[in-house]
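**Student:** Sequential numbering from 1 applies to the sequence shown in the UniProt record's numbering.
Be aware that one or more of the hints could be misleading.
Derived pair list, reagent style DSS-like, types lysine-lysine, alpha-carbon separation capped at 30 Å [as the list claims (entries may be wrong)]:
no., residue 1, residue 2
1, K48, K106
2, K10, K48
3, K21, K106
4, K94, K106
5, K48, K94
Worth flagging that the hints you see were computed from the coordinates, not collected in a lab. None of these values were measured; they are calculated from a predicted model.
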Amino acid sequence: MSHPSIHAQKTPDKIAYQMAKSGEAITYRELDRRSNQGAQLFRSLGLKRGDHIALLMENTITFMEICWAAQRSGLYYTAISRYLTADEIAYIVKDCGAGAVITTPK
1 MSHPSIHAQK
11 TPDKIAYQMA
21 KSGEAITYRE
31 LDRRSNQGAQ
41 LFRSLGLKRG
51 DHIALLMENT
61 ITFMEICWAA
71 QRSGLYYTAI
81 SRYLTADEIA
91 YIVKDCGAGA
101 VITTPK
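Make the full structure from the sequences, and use the hints.
**Tutor:** Quick look at the structure:
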């Protein structure tokens, strides 16, 4: 898939992602803006190209925004299932060397 910025310029109001169950959708313009905000947040946290983050999130539009923000920033990311035990999650976070863990409220 091409970077959202390219699509945001050519077809800003086209839907980039839509959640099957809820119908929630995000346009390329919104995805580009939100992923840019996420990338700025990562930089403000001191994360730099080549660093790693872990994602412990529900399956939401926000997950994709964070993935694109990580890609824009040159970060690696590891998605972690919320169904794992605390010990399993801790192992994965340590093993991947995550400089930050991004979570959702649940």
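**Student:** Taking the hints in turn, state whether each one holds.
**Tutor:** Consistency of the hints with the structure:
1. Distance restraint check for K48 and K106: the Cα-Cα separation of roughly 28 Å lies within the 30 Å cut-off, and the hinted pair is therefore satisfied.
2. Annotation: proposed proximity of K10 to K48 holds, straight-line Cα distance about 29 Å (limit 30 Å).
3. Simply put, K21 and K106 have alpha-carbon atoms about 18 Å apart, close enough for the 30 Å limit, and the pair holds.
4. With a C-alpha separation of about 21 Å, the suggested pairing of K94 with K106 holds against the 30 Å cut-off.
5. This hinted pair checks out: K48 and K94 have alpha carbons roughly 18 Å apart, not beyond 30 Å.
In this structure, none of the earlier numbered hints is contradicted; all agree with it.
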